[in-house]
Each structure stands twice: as C-alpha cells, then as structure tokens.
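Visitor: Hints in hand, dock the two standalone chains.
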Amino acid sequence: MKTKNLIVTTLLILLAVVWILPLYWMIVMAITPNDLLKLNSTALWPQGFTLQNFWGVLQIGLTVRWFLNSIIVTILGTALTLVLQSMAAYAFAKMRFKGRQLLFSLTLAGLMVPKEAMFIPLFLMFAQISGHNSYAALYLPRVAIPMGVFIMAQFFRGIPDSVTEAAQIDGASPLRTFFNIIMPMSIPALTSVGIFTYILTWNDFLWPLVSATRKEMFTITTGLASLQGNFAQATELGSLMARGVIAGLPLFILFLIFQKHLIRGISMSSGGKY
Amino acid sequence: MKSRSRINLPVLYFVLPFMVVYVIFQIYPLFQAVIASMFKWDLLTSSMSFIGFKNYTHMFQDPTFWSSLMNTIKFVIFSTPLLIGVGLLFALLLNGTGSKKVLFRTAYFAPYVFSVSIVTLIWGFMFNPQKGLLGEFSRMLGAEPINWLTDPTFAMPAIIIATLWWTVGFNMVLLLAGLQDIDPALYESSSLEGATWFQDLLYITLPSLRRTLELVTILQIIMSFQIFGQVYILTKGGPGGTTRVLIQYIYETGFRDHQLGYASAMAFILFLVMAMVSFFQFRLSKEEN
Numbered sequence: 001m002k003t004k005n006l007i008v009t010t011l012l013i014l015l016a017v018v019w020i021l022p023l024y025w026m027i028v029m030a031i032t033p034n035d036l037l038k039l040n041s042t043a044l045w046p047q048g049f050t051l052q053n054f055w056g057v058l059q060i061g062l063t064v065r066w067f068l069n070s071i072i073v074t075i076l077g078t079a080l081t082l083v084l085q086s087m088a089a090y091a092f093a094k095m096r097f098k099g100r101q102l103l104f105s106l107t108l109a110g111l112m113v114p115k116e117a118m119f120i121p122l123f124l125m126f127a128q129i130s131g132h133n134s135y136a137a138l139y140l141p142r143v144a145i146p147m148g149v150f151i152m153a154q155f156f157r158g159i160p161d162s163v164t165e166a167a168q169i170d171g172a173s174p175l176r177t178f179f180n181i182i183m184p185m186s187i188p189a190l191t192s193v194g195i196f197t198y199i200l201t202w203n204d205f206l207w208p209l210v211s212a213t214r215k216e217m218f219t220i221t222t223g224l225a226s227l228q229g230n231f232a233q234a235t236e237l238g239s240l241m242a243r244g245v246i247a248g249l250p251l252f253i254l255f256l257i258f259q260k261h262l263i264r265g266i267s268m269s270s271g272g273k274y
Numbered sequence: 001m002k003s004r005s006r007i008n009l010p011v012l013y014f015v016l017p018f019m020v021v022y023v024i025f026q027i028y029p030l031f032q033a034v035i036a037s038m039f040k041w042d043l044l045t046s047s048m049s050f051i052g053f054k055n056y057t058h059m060f061q062d063p064t065f066w067s068s069l070m071n072t073i074k075f076v077i078f079s080t081p082l083l084i085g086v087g088l089l090f091a092l093l094l095n096g097t098g099s100k101k102v103l104f105r106t107a108y109f110a111p112y113v114f115s116v117s118i119v120t121l122i123w124g125f126m127f128n129p130q131k132g133l134l135g136e137f138s139r140m141l142g143a144e145p146i147n148w149l150t151d152p153t154f155a156m157p158a159i160i161i162a163t164l165w166w167t168v169g170f171n172m173v174l175l176l177a178g179l180q181d182i183d184p185a186l187y188e189s190s191s192l193e194g195a196t197w198f199q200d201l202l203y204i205t206l207p208s209l210r211r212t213l214e215l216v217t218i219l220q221i222i223m224s225f226q227i228f229g230q231v232y233i234l235t236k237g238g239p240g241g242t243t244r245v246l247i248q249y250i251y252e253t254g255f256r257d258h259q260l261g262y263a264s265a266m267a268f269i270l271f272l273v274m275a276m277v278s279f280f281q282f283r284l285s286k287e288e289n
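Chains as they are written, first to last, in the numbering used here: chain H, 1 to 274; chain S, 1 to 289.
For reference, chain S alone in the conformation it holds in the complex (with noise of 0.2 Å):
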C-alpha cells in the first residue's frame, strides 16, 4: 500500500526533462497569446494596456488581414492538388521500377532537403526574366520572357511553382509507402479479366489508397497554410500585396509595425483554424493504426 502512494521516480526523471521543456516552449506560449491578444502592446515604447477582444473585432475590420487570408486561402486552394497530383504522377511512376528506383526517388526528394533560402536563391533567379533560365527557355522559344516575380498575375504561380519543386518530394515519398501496401494479388487477379493500365488505377488504385490521400491531403492543408519563407524572400509579399501570406503579415504586425498584442490575435486565430484542421488529422491516423 505504502510503495503505491509514493512517487513513481523513474517515471518522474524520464518524463520529467521533456515535459519541462515541452511546458515551457510549447503550452505555456499558447496561453501567453491569448492573455497578449487582450493588450495593446507596442514593443518600441514596452507600453500595454488592455483592451479586452478589440485586436479581435479590429481585425475584422482590417482589409489587409483579409486580403492575407485569402492569399494564404488561394495559394492552398492552388497549391495542394498540384502538390498531391504530382506526388502521385511520382508515386505512381516510381511504384515498381525496381533497381533504379532508388536514383530517380533520389531526384525527386533531393530538394526537399534544402532550406528555404536556398530555394528561394536558386528560383529567385530562375524567374529573372534576364539572368534565369525560364527566361532563357522562353527567348528559345521565341517568346517575350515572363516577369514571373514582379508581375501580379504570376507571381502566385511562381511562388507555387517554386514551393512544388521543394516539397512535393515529400507526397511522393508518402504515397509511394501507400502504394507499397497495396496487395499485389488485386491486380493479378484483374490482369487475367483484361483490365487496362487506367482501369487499374481507377478500380484498384486509387481506391486502395484513399486513406493514404485524404492524410497526405491534410498534411499538405495543414502545411500550406503555413507559408511563409519562400514569399517573404522572394516578393516581399508584392506587387502591391497580392502574395503577402498570413504569417508574414503577423511577422510584420509584430517586427516592423511592433504591434505585438494584435499580432498575437492574428496567430491566435491561425492556431485555431489550424488545430481543427490537424485535429481531423489525428482522427484519421488514429483510424488507419
């Protein structure tokens, strides 16, 4: 009886250290911008006061919090099926190439492993109608190059453009885990009734996979959402605004107009939209496991 009450200690010295630092960096903060989202905190003069939910209804009526919001909105609505298409077209080329599948997987994740700003130093110059190559391309073609970064129209389909060849190595490599699962004996059996190569991918495929898509899905929401670094290196969120992101515009709330309580509001509202959206996540791979 005695031993039961008493502290299980090598529970508490190895969970302990981590709950410590996860507390600190990961819980506290939350509560941190609720409380800082009812001030209005300049962080030049340090001078708050409360204003209780008045960063909430102000952003309401801010057109520029709007308008990133529906940026971020257009670069997922955009961006998320190239990005799961491609990872599929990938997937799918690469399920079952055998020996040299190892070499073209290699291909097509390599850039996943970069930073941002690498990316963005290599695609701020391919777009550069002079010194890039799609604007050489275009010349060969005979066509006028494309001012991809400064031109409203296609800065967005450079930003997406730029952000597939980064990442979609990282659907590919999901994907193809899901088409590995597959059970092979599904399409033997429908190759002895004569079924093509697209009945194939539209009866056994794609069906087979759906849970695979539907995370892969949310993964890319939940991540797409989150942009930031490829549009504040590579347009600045220009021209005349038509990139600016949500989070850039809550990083320049907070570091260059130093409104650090409405700030904290804007990434409060990102939390939540963002928590019910990876809450669905959690739901599905719960079910898959």
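The following block holds chain H by itself, in its conformation from the complex (with noise of 0.2 Å):
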C-alpha cells in the first residue's frame, strides 16, 4: 500500500511539472529582457528582470484596446445569457403552458449545432444588416447558445413547488418570485453557468476572427493570434509573451477563485449530474 501511495504521488509530481511547465517558461520569458532572450530562449530560471514587457504593452500597439473589448463583450454576453437563459429555464422548468414540452425540446435541439458550422450563416445575416465589427456581433450568437437553459432548467426542476405558491399567495407576481425569491436561491448554479460562460465567450476564437475584420475590433484571443505571424521571428519575444501573460491572467485568476464552481457547470453542461 505504501508503496503504490508512494509511485501515485510521485507521477502525480512529475505530470504536474510536465502540466505547468509551458506555462511557467512563457512567464519567465515575459519578465526577460528581449535582448537576453535573443541569445538564450530556453533559460528555466529568468536570467535577467524586467518589466519593460509589461509597460511596453501598455504604450505600444492595441493590445490594452483588445484587452477591453473582450472585457466588454465578455461581461455583456455573461450578463445577457445569464438572465434571458434562466428566465427562459424557469418557465420551461415551472410553469405550465400549451407547447412548453416543443418549445423545450426545440431549444435542447440548439445544443446539437455545432458552432463552428455556423459561422458562414451568421457571418451573412450580419453582412446583411451591416453588423460587423460591433460588440453586439460578438456577444449575440453565443447568447442563443442554449446550454445555460439546460443547466438551468434541471436546477430549477429541484426547487419544490411549495416555495413558488408561497410566494403567489402571498401575491408576488411571477417577474417578482422570480427575481427575488428564485434567483438569489439559485446562486450557486448561476456562478457555475456564469463562469462557464465568461470563459467560453473570452476564448471565443473562429467568430471573431470573421466579424470583428477591423484590428481595432479584435478581441484579446483574435489579437494574440494576430501578433504570432509578425512576431514569430522576430526579435521582440519576451513582449509577445508578456502579452499572453496577460491575455491569460484574469482567466487564471477567475479559475482560481471559482475552480469549484466551473468544475461543477462542467459535469451539468455534459448532462451528467449536479
């Protein structure tokens, strides 16, 4: 037994370094100095400091622009997919009405298009109405996505009746229950969706890349992207990887503070269990 404890740990330690490894050179290589890196990439201990980088992103280039515009569409369509998809759950999940079941199954059905077939159709319904390059473009199809009604629906299905007809006898209106009594019940499902989401849309990739053509439009994913062809050999490495640095930090952050809750929306995304 304490020898298998023992091989477990050990290849837990070792896939761990394996895991971080990538992650850890990228920082040590954004707080190098450029000229250092151009001799020598490969150092696992940063062989000099600084955080000229990190300035220099701030002063040159559009990064801060696309920093903001993915903050902006992200926490728009967050937003905008956490109430219209609860609303939406709660009446398939709570009320009775002629139809709920086809209606409920057509929105289950949108879980079966593939988004990334998509992305032709839409790219012309926005041509069509001279959309592009726009925030909304780049929030409003993940919004129809319906994965958080899914989510919802079955968290919803868990709350007894018993807590709604209180709440209608005492005369509160179904908008009233609903975002009083429900909502703040419903915390904990709402974190797990939310993060779940604000991940998916700032990693959105393929949609941007056709919608937002402008470079002042691109969102930080699109804009990293676009930097690696111009940089890749270039001179510049520990400032391309600042930029992923940061890029990536409030992702990281995020994941550290809500690790439980996205690991929970994940396993209820999949239809497995809460």
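Possibly wrong hints are sitting among the right ones.
Straight-line Cα separation of at most 20 Å, PhoX-like style, residue types lysine-lysine; simulated pairs [stated by the list, open to error]:
1. S:Lys236 <-> S:Lys74
2. S:Lys54 <-> H:Lys38
3. H:Lys260 <-> S:Lys101
4. S:Lys100 <-> H:Lys260
5. H:Lys2 <-> S:Lys54
6. S:Lys131 <-> H:Lys2
7. S:Lys54 <-> S:Lys74
Hints were generated in silico from the structure; no laboratory data involved.
Guide: Right, dumping it as structure tokens:
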C-alpha cells in the first residue's frame, strides 16, 4: 500500500511539473529582457529581470484596446446569457403552458448545432444589416447557445413547488417571485453557468476572427493570434510573452477563485449530474 | 374557459426574449446556410446565381475537401483515445488523494481556461527547434531537434500534443465525477477477496465508468471535429496541406476565395455529420438521467 501511494504521488508530481512547465516558461520569458532572449530563450530561471515588456504593452500597439473589447463583450454576453436563459429555463421548469414540451425540445435541439459550423450563415446575416465590427455581433450569437437553459432548467426542477406557490399566495407577481426569491436561491448554479460562459466567450476565436475584421475591434484572443505571425521570427519574444500573460491572467484568477463552480458547471453541461 | 384561451402573459415575457435571440441566431442561420449552399455566391462581386445542388456535387470532386476531411478524421482518430486515456489516468491518480487533490487538479486543468491563441503562443515556441524547450531537451539528450511544425511527419502530432495539453483537463473533470459515483462497497468486497489494483480497475472501475466513458468519447469526437484555431495559428494547415482541417477549408473558401455558397454547402454537410453524433450524445445523457 505504501509503495503504491509513493508511486501515485511521484506520478502526480511529475505530471504536474510537465503540465505547468509551459506556462511557467511563458512567465519567465515575459519578465526577461528581449535582448537576453535573443541569445537564449530556453532558460528555466530568468537570466535577467524587467517589467519593461509589460509597460511596453501599455504603450505600443492595440493590446490594451483588445483587452477592453474582450472585457466588454464577455461581460455583456455573460450577463445577457444568465438573465435571458435562466428566465426561459424557469418557464420551462416551473410554468404550465401549452406547447411547453415542444418549445423546450426545440431549444435543447440547439445544443446539437455545432458552433463552428454556423459561422458562414451568421456572417451573411450580420453582413446584410452591416452589423460586423460591433460588440453586439460578437456576443449575441453566444447568447443564443442554449447551454444555460439546459443547466438552469435542471436546477430549477429541483426547487420545490411550495416555494413558488407560497410567493404566489403572498401576491408576488411571477417576475417578482423569480427575481426576488428564485434567483437568490440559484446563485451557486448561476455562478457555474456564469463562469463557464465567461471563459467560453473570452476564448471564442473563429467567430471574432470572421466578424471583427477591423484591428480596433479584435478581441484579446484574436488580437494575440494576429501578433503571432508577425512576431514569430522576431526579436521581441519577451514583449510577446508579456501579452500572452496579460491575455491569460484575468481568466486564471477567475479560475482560481471559482474553480469549484466551473468544474460543477462542466459536469452539469454534459448532461451528467450536479 | 375564457382565461384558458388567453395568452399566458408571464410565460410570454419569460420565454420570448430568449426565444427571439435563439431563433434569430441559431435557427434562422441554419436555413440561411441551406439556401446559400444552392447559390454560386461571390463575396467580392456580391454576384449570386442559383445553381441547385452543384456546390454539393462539386464538393465530392474537390480533392482539397476530401484531404481536409481526411485530416480532420485523422486528428479525431488519433487525438480522441489519447485525450480520453490521459484524462482517465489523471482522474484515476487523483481519485482518493484527499487534500492534495485540489492542488494537482488545478495544475492539470489550468491550461483549459486559456484561449487558443495563448496555447499556440506557448506551443509555437515550445516546438521551435532553436528557441523552444523541446529542442533544448533533444539537445540535452544528444539528439537532433525535430522541426515539429514544418515537418509533414510531425506537424499533426505536434497539433495533437498541444491539444492534449490544452483540453485533457476537461475530460479529467468528467471522468473524476464518474469515478466518485462508484459505490465504495464494491471495492471493499473485492479487497476482502484479495483482488489486485489492476483487477479492481478491470472488473469494477471500468465497467462502472462505462456510461461516463461513452459520454466523454462522444463529446470529445464532437469537439475534435471542430478543431480549427490550433491548426490555423500554428501551421496554417501546412506543411503542404498535411494539417489543413475541414473548418479551416470552409473558412478559406469563404473568406480567402470569397466563395460563400460553396463554403455554406460544406458547413451544412459538417452540420449534418455533427448533428448525428450529437443526437447520439443526447440519447445517452437522457438515458443517464
């Protein structure tokens, strides 16, 4: 038993080192002066120390703009997803009406539509109304992906009917019941859906690549990709890696804070359990 | 009687806002794709002419379509067992490690939260024979560094390695949840009978995990089929088109060659294939609940 534990622990540590090493290496390069990296970029301990790479991001190029674009698009998209999808999920889970089952099935069928097969028709649609290179074009298609409806409906079904009935007897309108009683009860589930949506929206690549073609409208994800061709053989490796660190940091911090919720969100989204 | 036939107002304002967004951005584009696929539609000249199913018949004679499809299938076939096998290994190692678990889980899962362009930024240089860590390791071992991204033999494996590092945490999480659902009593009785660790794995763990494994496999196939970003940024489909995948070809047809009708036709075929796979997944997860 003891040797088995030792083997398991050794393997765990070894694999963790392999998995973290590439991220660690990016950070090392990000704090190393560019001219030192020209001579040697494979050192695992910083050969020098500078924050110039990070200051450079603020002064040169559009990285800050892209970062703000990503923040705006992601926050609006996540907020809309949470409100619209949990309202719909609540109706599907708790209200009685004609055609409910049909509408719910139609909504869940949307989960079968592969996101990456839809970018041509979506592109045509936004082109018809000259809607490209706008924030709305970047987040609206994401809000339509019914994953949150699926997860929230599972959660709402678990709330006893007595809760909503009690509110009704007290004379609360359905909207009031929903926002004052149901939503506060659902914070754990909402957090799971929210953090999952936030990460997927922030990391969207193909759609922003197609829709936001003006450099000022890139998100940090497409913007960082656009730099890689130009910089690839270039000399400013440290500056490039600093941009990578900046692009990844907000997500990494959110992940550390909400890890538990994110992981539950993933289990729920796959139709597993919660 | 009267109130029955009236429109249920609360339902309307609970469901309608989402349904409007859903119909516009999820349902309508599907029909748009079918219609566009029957036109010769040039993005540059905005000229459109109805050509029926010619885009579809052209597709079957287009060698680039076939090679992109084959590359995608190759990626799916080689990456899926790896992503599930390593995910399962992580999950098994983590299962029951107690308080240290969260720390290691964090390490294995962390890459998943980053965007594809961060992954390609790191791995583009990892694979670089002069500047990257992999080249440095080969030199330390006295071997010639591999030119991963420009060698036709190694380009696809490089894409698979980067993808494994990036997304294996997702599978690990699902499999770990499945492992924790297994009744501990099963293991207790088997240890009384003196079963080895390997026998436990073979006769208890894997059979109990069957449903989760099926689910993870189908989810993985769906996700792998939609591969695009890693290839587009790391190799641009090269060298010599050996890593060009289907989504990338659709993207290039639409936005480099400006043939939106043809691109729509390919997107619709992709949609049909994916919808079939997803349908399986849907049935599976329904059975599970």
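Visitor: Would you mind marking each hint as holding or not holding in the structure?
Guide: Results for each hint:
The hinted pair formed by Lys236 of chain S and Lys74 of chain S meets the criterion: a straight-line CA distance of about 17 Å does not exceed 20 Å. For the hint pairing Lys54 of chain S with Lys38 of chain H, the CA-to-CA distance comes to about 53 Å; that exceeds 20 Å, so the pair is violated. Distance hint between Lys260 of chain H and Lys101 of chain S is fulfilled; the C-alpha atoms sit about 12 Å from each other, no more than 20 Å. A C-alpha spacing of about 15 Å is found between Lys100 of chain S and Lys260 of chain H, which places the hinted pair at or below 20 Å, so the restraint holds.
With a C-alpha separation of about 68 Å, the suggested pairing of Lys2 of chain H with Lys54 of chain S is violated against the 20 Å cut-off. Note on Lys131 of chain S and Lys2 of chain H: the hinted pairing is violated, with a Cα-Cα distance of about 42 Å set against a maximum of 20 Å. Restraint check: the Cα-Cα separation between Lys54 of chain S and Lys74 of chain S comes to about 28 Å, which exceeds 20 Å; the hinted pair is violated.
Of the numbered hints given earlier, the model fails hints 2, 5, 6, 7; all others are met.
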